[in-house]
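For reference, the chains in residue letters:
There are 2 protein chains.
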Amino acid sequence: MKVKYELIKKDEKARYGILHTNHGSYETPMFMPVGTLATVKTMSFDEIKETKAGVILSNTYHLHLRPGEDLIAKAGGLHSFMNWDGPILTDSGGFQVFSLARPKDISEDGVKFKSHLDGRNLFLTPEKSIEIQNKLDSDIAMVLDECPPYPATYDYMKNSIERTFRWAKRCLEAHKNENQSLFGIVQGGEFAELRKISAEYTTSLPFDGFAVGGVSVGEGQNTKIKMVELATPYLPEDKVRYLMGVGEPIDMLESIERGIDIFDCVLSTRIARHGNFFTRKGRVSIKNARFKEDFTALEENCDCYACKHHTKAYIRHLLVANEMYGMRLLSIHNTRFLIKMMEEVREAIKNNNFKDYKNNFIKNYKKSII
Amino acid sequence: MKVKYELIKKDEKARYGILHTNHGSYETPMFMPVGTLATVKTMSFDEIKETKAGVILSNTYHLHLRPGEDLIAKAGGLHSFMNWDGPILTDSGGFQVFSLARPKDISEDGVKFKSHLDGRNLFLTPEKSIEIQNKLDSDIAMVLDECPPYPATYDYMKNSIERTFRWAKRCLEAHKNENQSLFGIVQGGEFAELRKISAEYTTSLPFDGFAVGGVSVGEGQNTKIKMVELATPYLPEDKVRYLMGVGEPIDMLESIERGIDIFDCVLSTRIARHGNFFTRKGRVSIKNARFKEDFTALEENCDCYACKHHTKAYIRHLLVANEMYGMRLLSIHNTRFLIKMMEEVREAIKNNNFKDYKNNFIKNYKKSII
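From first to last, the protein sequence lines stand for chains D and A.
Letter by letter, the first sequence follows residues 386 to 755 of our numbering.
Letter by letter, the second sequence follows residues 386 to 755 of our numbering.
Hints are supplied without guarantee of correctness; some may be wrong.
Once the Cα atoms are required to be at most 20 Å apart in a straight line, the calculated SDA-like pairs of lysine to any residue come out as [as the list claims (entries may be wrong)]: (1) A:Lys-693 - D:Lys-693; (2) A:Lys-459 - D:Thr-681; (3) D:Lys-459 - A:Glu-678; (4) A:Lys-677 - D:Tyr-539; (5) D:Lys-677 - A:Glu-454; (6) D:Lys-693 - A:His-464; (7) A:Lys-677 - D:Gly-462; (8) D:Lys-672 - A:Asp-503; (9) A:Lys-434 - D:Tyr-690; (10) D:Lys-434 - A:Glu-678; (11) D:Lys-677 - A:Lys-459; (12) A:Lys-672 - A:His-694; (13) A:Lys-426 - D:Ala-706; (14) D:Lys-387 - D:Pro-591; (15) A:Lys-434 - D:Glu-432; (16) A:Lys-434 - D:Glu-435; (17) A:Lys-561 - A:Gly-461; (18) A:Lys-499 - D:Lys-437; (19) A:Lys-672 - D:Leu-456; (20) A:Lys-554 - A:Phe-508; (21) D:Lys-434 - A:Lys-693; (22) D:Lys-434 - A:Gly-462; (23) D:Lys-672 - A:Leu-502; (24) D:Lys-693 - A:Gly-462; (25) D:Lys-672 - A:Lys-561; (26) A:Lys-693 - D:Gly-462; (27) A:Lys-677 - D:Leu-502; (28) A:Lys-672 - D:Arg-451; (29) A:Lys-677 - D:Ser-465; (30) D:Lys-693 - A:Glu-432; (31) A:Lys-434 - D:Phe-430.
The hints are simulated quantities; they were obtained by calculation from the structure and are not laboratory data.
Could you put together the complete structure from these sequences and hints?
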């Protein structure tokens, strides 16, 4: 079965819906934790379940290099390999190839690059990306798109979206896994006309959902939100809309307001490993000396494992001493924080007060580390 | 209340008993996982409970440096600080001072040393060690002993056990925590006469239990077991006997045969972080290429979380990619392995067939990495 998006309720452009997958049905808006290498770093899958996560994301590029899609296929696919019975979305590998692997050489056929691990030469084409994702057997696969540099000129971007469109058609052609959905990606940078063209191109093809790409590399919040705003009006109401690589609370709220349904980002777990955690007041460093004798939870009223079991003073000690259990506790807290926020967002949309919720959240939340 | 040891059954010299503490009663022989910095590395306290651990150990030296005993006292003691409701044993700090912190300068008063973290000058005396442990509020504190180098001459060792005896008396004098037990330590290296003298000295004092020290630094299994054998005959039957720093399966079996009740060692969790795990056949490296496509559990019939949830192929992938979740899974497995082994040992003693159990275990178990 392909995923199905059921739109239940709108509050202006903000959407409350349900994403039906082969591994359960999940409400949107939704934040998807990232399990790069078939593990959401430091966390067990029971802990991921406890955060109430729905879909989790895994990275095709990383899994292609280690342990390889053939091994995962032998294990019975990615669900079975990592023992996760919820849905999985895999990216195309394109973003990592364009950001991690250098030098690279892009042609109509695909992109030549060197592995960031051992420098060996590799070649990713639309067909290859789909073949890998078919073998991984994720619930949702993504087309290979060109991830243009930011900023890019209008001409560069125009050529790029044309190529991305041709690649999208090749992905559809190559896609063989009947149980796997395939999502198209709208690019076009910050150019209104190109976002529109790219959206029209992409939505002309029979994809099961649509992503807005190229936003996470944008500089500054205004640019990012503008890119979202330029793309969403052209996306069909009956398909799920995915904003790739964005997981900063305010960016997500602004994007939900513009009609986005699902998000992924490594931010929540990456900052955790460096000792930072989300609160309603903003992002905080647990290493701050003011927490040395703070025997309260990371955040009052938080229902995550870390907040139910340990104090700031203890978790601070763990991070100062570079102890993995501390990184794990903050990863759990941050993941639960974003998922809890999405629960509230859904409630707000259902009650027609998303805008109030958003404004109130933003009023209390400082973007810089506090 | 002080801990009480209840001897229930002997099978030759091997002892089955119960250690009663302020935080529950636990059967012996027992393996105690090590939570150096108030965390058993990578594991949650629920996971430690799931391995059926009883007492866990924490290190006074490490906690004195980070986060400091005063902070832990403010948190309400170590149980409360780390949120562990089982019993805790703290060492004296001596072992780390003698092994980690250099240069050191031993006098009758105590030992001057430099922190291994920042080089600051510190001074550990018997009184200071007890004061720190009183504040940590562990269930069991250890006396500060001199940990002599191995090998040491007879004369050096003779002077050392005399000093250790004088330090033991000072520790008893300084000990003020009515709810905390204090254990004495028998030293004496590999010298039969000195082990006897040290045991007689130590057991002449009103300690709540007795440890055999200086064994983990011994070279070779024969030397270690000899040291145990030289000390245990002089230890009273009605007190628990603790072999410090030994956690290799065969060493533990040999020591149980000679009358030891409790053990601690970082081995099980340290080797886990390097990708090694215990099996009935011996210690194994998960990184071995032969596990690449092995979709079975680490060990058949193991009831640990790792074995119930994940395959060798998956855990191998995690370790190869340096993922913390893999280190955590192996830490859980190794801890459970040793504790499960102790469950079997206790059954064997109760059934008067410890010797068969031990011989059978050793026959199947290779000491080198297989």
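Against the structure, the hints come out as follows:
1. A:Lys-693 - D:Lys-693: Roughly 26 Å between the alpha carbons, so the hint for Lys-693 (chain A) and Lys-693 (chain D) is violated.
2. A:Lys-459 - D:Thr-681: Holds - the C-alpha atoms of Thr-681 (chain D) and Lys-459 (chain A) are around 13 Å apart, at most 20 Å.
3. D:Lys-459 - A:Glu-678: 8 Å, holds
4. A:Lys-677 - D:Tyr-539: 47 Å, violated
5. D:Lys-677 - A:Glu-454: 13 Å, holds
6. D:Lys-693 - A:His-464: 16 Å, holds
7. A:Lys-677 - D:Gly-462: 15 Å, holds
8. D:Lys-672 - A:Asp-503: OK: Lys-672 (chain D) and Asp-503 (chain A) at ~18 Å, within 20 Å.
9. A:Lys-434 - D:Tyr-690: 16 Å, holds
10. D:Lys-434 - A:Glu-678: 27 Å, violated
11. D:Lys-677 - A:Lys-459: 11 Å, holds
12. A:Lys-672 - A:His-694: 19 Å, holds
13. A:Lys-426 - D:Ala-706: 11 Å, holds
14. D:Lys-387 - D:Pro-591: Judged against 20 Å, a Cα distance of about 12 Å means the pair holds.
15. A:Lys-434 - D:Glu-432: 17 Å, holds
16. A:Lys-434 - D:Glu-435: Roughly 19 Å between the alpha carbons, so the hint for Lys-434 (chain A) and Glu-435 (chain D) holds.
17. A:Lys-561 - A:Gly-461: 17 Å, holds
18. A:Lys-499 - D:Lys-437: Answer violated: Lys-499 (chain A) to Lys-437 (chain D) is near 48 Å, above 20 Å.
19. A:Lys-672 - D:Leu-456: 15 Å, holds
20. A:Lys-554 - A:Phe-508: 19 Å, holds
21. D:Lys-434 - A:Lys-693: 17 Å, holds
22. D:Lys-434 - A:Gly-462: 33 Å, violated
23. D:Lys-672 - A:Leu-502: 17 Å, holds
24. D:Lys-693 - A:Gly-462: Distance of about 19 Å is within 20 Å: holds.
25. D:Lys-672 - A:Lys-561: 34 Å, violated
26. A:Lys-693 - D:Gly-462: Holds, because 19 Å separates the two Cα atoms, which is no more than 20 Å.
27. A:Lys-677 - D:Leu-502: Given that 20 Å is the threshold and the Cα spacing comes to 19 Å, the pair holds.
28. A:Lys-672 - D:Arg-451: Distance ~13 Å between Lys-672 (chain A) and Arg-451 (chain D) Cα, so the pair holds.
29. A:Lys-677 - D:Ser-465: Given pair Lys-677 (chain A), Ser-465 (chain D) holds - Cα atoms ~15 Å apart, limit 20 Å.
30. D:Lys-693 - A:Glu-432: 15 Å, holds
31. A:Lys-434 - D:Phe-430: Holds, at about 19 Å.
Of the numbered hints given earlier, the model fails hints 1, 4, 10, 18, 22, 25; all others are met.
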